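Enquirer: What follows is the residue order along each chain.
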Amino acid sequence: MQTVAPQSASTQLKPPVTSVGVIGWVKSNLFNGWFNSLLTLVCGYLIFRTVPPFFKWAVVDSLWFSTSEACRNADGACWSIIPANIRFITFGFFPSEQQWRPLLAMVILVVLLFYSQNRKRWRKSLAYIWALALVAMGLLMKGGLFGLPAVDSAQWGGLPLTLLLSVFGLTAAYPLGVVLALGRQSRMPAVKSLCVVYIELIRGVPLISLLFMSSVVFPLFLPEGVTVNNILRAQVAIILFTAAYIAEVVRGGLQGMSKGQYEAAESLGLNYYQTMRLIILPQALKIVIPPTVSILISAFKDTSLVVIIALFDLLKTTQSVLSDPQWRGFSNEAYIFIALIYFACCFFMSNYSRRLERELDTKY
Amino acid sequence: MKRRETISVKVLAVVCMSFFLIVGMWGCGDSGKVSELQGKIAELEKQLATKDQPAPAAATAGSTLNAVRTKGFIQAGVNGDLFGFGKPDEKGVWRGLDVDTARAIAAAVFGDADKVRYTPLTAKTRFTALQSGEIDVLTRNCTQTLSRDTALGLDFAQVNYYDGQGFLIPKKLGVKSAKELDGASVCVLPGTTTELNVADFFRANGMQMKPVVIENTAELAKAFFAGRCDCLTSDASQLAGIRAVASNPKDYIILPEIISKEPLAPAVRHGDNQWKDIVSYSVWALIAAEEMGITSQNVDAMRTSSDPKIKRFLGASPGNGKALGLSENWAYNIVKQVGNYGEIFARNVGVDTPLGIERGLNALWTNGGLMYAPPFK
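Same order as they appear, the protein sequences are chains G and A.
Heads up, the first sequence is in the numbering used here, so the first residue is 1 and it goes up one at a time.
Heads up, the second sequence is in the numbering used here, so the first residue is 1001 and it goes up one at a time.
Hints listed in this document are in silico derivations from the structure and should not be mistaken for laboratory results.
It cannot be assumed that every hint is accurate.
Here are the computed distance ranges between Cβ atoms for each label pair [said to hold, decoys possible]:
(1) A:1199 <-> G:31: 53 to 59 Å
(2) G:291 <-> A:1216: 55 to 61 Å
(3) G:54 <-> A:1250: 46 to 52 Å
Under the rule of at most 30 Å between Cα atoms (straight-line distance), these lysine-lysine pairs were calculated in the BS3-like manner [unchecked claim]:
(4) A:1124 <-> G:301
(5) A:1172 <-> G:142
(6) G:56 <-> A:1250
(7) A:1115 <-> G:142
Since we're looking at a predicted model, the values are computed, not measured.
Heads up, the beta-carbon is just placed ideally off N, CA and C, and yes, glycines get one too.
Turn these sequences into a full structure, and let the hints guide you.
Expert: Laid out in structure tokens, this is it:
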């Protein structure tokens, strides 16, 4: 190059090294002005003080497959607590020789969730696939047919229980919330007041008190000998709670629709159900995707509150492992592990909601 | 576009319906008939009207033994995360002294110690679960107290562990007695009798304390070892286990004072004496077996013993089983399948376990402890 155009190279001066490349970037982004320079230095110091020790603890000095005795003498993280107890943390009391069943059920669920991500696949056949898969998952978990030994639902625990409570809790709460929101907008006084009372009552109490009601108070009103499954009671409490919150978010979407949309539907001769199904709800639900998803995410994390009614969800099985004197004291490692699981699920949800927003965006 | 939206709505509808269908199928197995329910509600209301009756409604119902026999297993309420008493191991199998007590009851009733289902319960849910009939027996390191025995409508059977509350302190504190702890900050679990006991102890001795309350045993121990409090108080059965996980256990000592009495006993609903007898005598059978030197290993040989006491106990000469409404070899089944009290103690909490507890109060009365069984005749 230089031989071809020596002249232009000499006339065009290169920018000074302090304004291009790495140095230039650092200068214009990290040290532009005394305040930002100070911030950079402070942050750099904090990072220097925290990250290398954490890295040393979590990676360099860590133990991955050792006994707890070896861990006690080591300086680093004791990740060994996870592989040593992974069976109980993930599956709880499920009989160990039947472990493949909850595992398979979870795989089916995750595969289906990923498959259904794409809206192009939302056809009638997908609904049948889901119905079939739900039956299959129920069968795998409960057993009792086709030579699968029956497993009492009291023995369900760990990750399958968390997924069960959250996936079914959220899918059932969403339509219920939509119905409640429509009910609250209704012109029929009975329906309207019922929905208002329900929503305000449920939103007025914390989830913990609902769970206590379902697990402690409710059984006292049942006749002797009749017990409603513990998991089912918690599941219903979670559904009722989440639905009330979703209802309020959806109501916000409904109120955000312009009056013209309703009038246009009426002028086309559509009745109430057609108006709602074809015109109002598709638009209203679309604009409330972000708040809905944040409610779903917080509801997903709230399922860990079933700890207090002694259901062995992911958090409780982990705590149970931590109460073993052998592993007591390694709570940091165990909690980091389940935090990662929760993060993966929540991140998936929020990612998917952004994708839905993009796909459904019609620019008007 | 519109067509796709209707399809998606339909998909949603079908999914939801199938979900409710499944939940329905699942729930139906457990729920009863509506008419039965209404009748029961009327009965409940009638009982609520008679206010001076402290026992809850469920307690009045018929024989627990028959109900248990019909369902084919015993539903036992257990702790869930108390090592040595009631906790699943890494395979999900329940282990512990309380779990073995429940297994002994199942061995007595069914001749099969495995016919127990466990309901993990928190300190808050345990009594309601028993009152509502969700469980048949509560073996959850539960302290027998007057108010629980009476006002809560429970009956406590024979004590299966004598516990008490003690203090764990760092050696460098230089304290030799709990009475020298004036002004100390105390790590304590909330919600149980532990917190009350320690407050009572400090007040009774005219001392000041600063409680540091943490909900979970593992976190409590961590806070203590990190130096957030001067001493840690808990049931003595737990102190040795907590001390063992310190990075250097020799730096910590357990003070000699035991500041409370905690007789841990299985509980049943008030009013079913036969069931309470079965639970009590199942525990006593464990103790009596140790007294007579019968273990799970030698129980078959002992059965042919000529000692009339042992013959009566193991059912070789009949009588005891019939009196309890059980099979004659109920005690044999307990010892054969679960062991005697000494074996259970050694297996779950004894000196060779991480808890490393000496027999102490839980030794046989002949060895200076409190474990004493009535004659089996």
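Enquirer: Compare the structure with each hint and give your call.
Expert: A quick look at each hint next to the structure:
no., hint, verdict
1, A:1199 <-> G:31: 53 to 59 Å, "holds, 57 Å"
2, G:291 <-> A:1216: 55 to 61 Å, "violated, 33 Å"
3, G:54 <-> A:1250: 46 to 52 Å, "violated, 30 Å"
4, A:1124 <-> G:301, "holds, 23 Å"
5, A:1172 <-> G:142, "violated, 55 Å"
6, G:56 <-> A:1250, "holds, 28 Å"
7, A:1115 <-> G:142, "holds, 19 Å"
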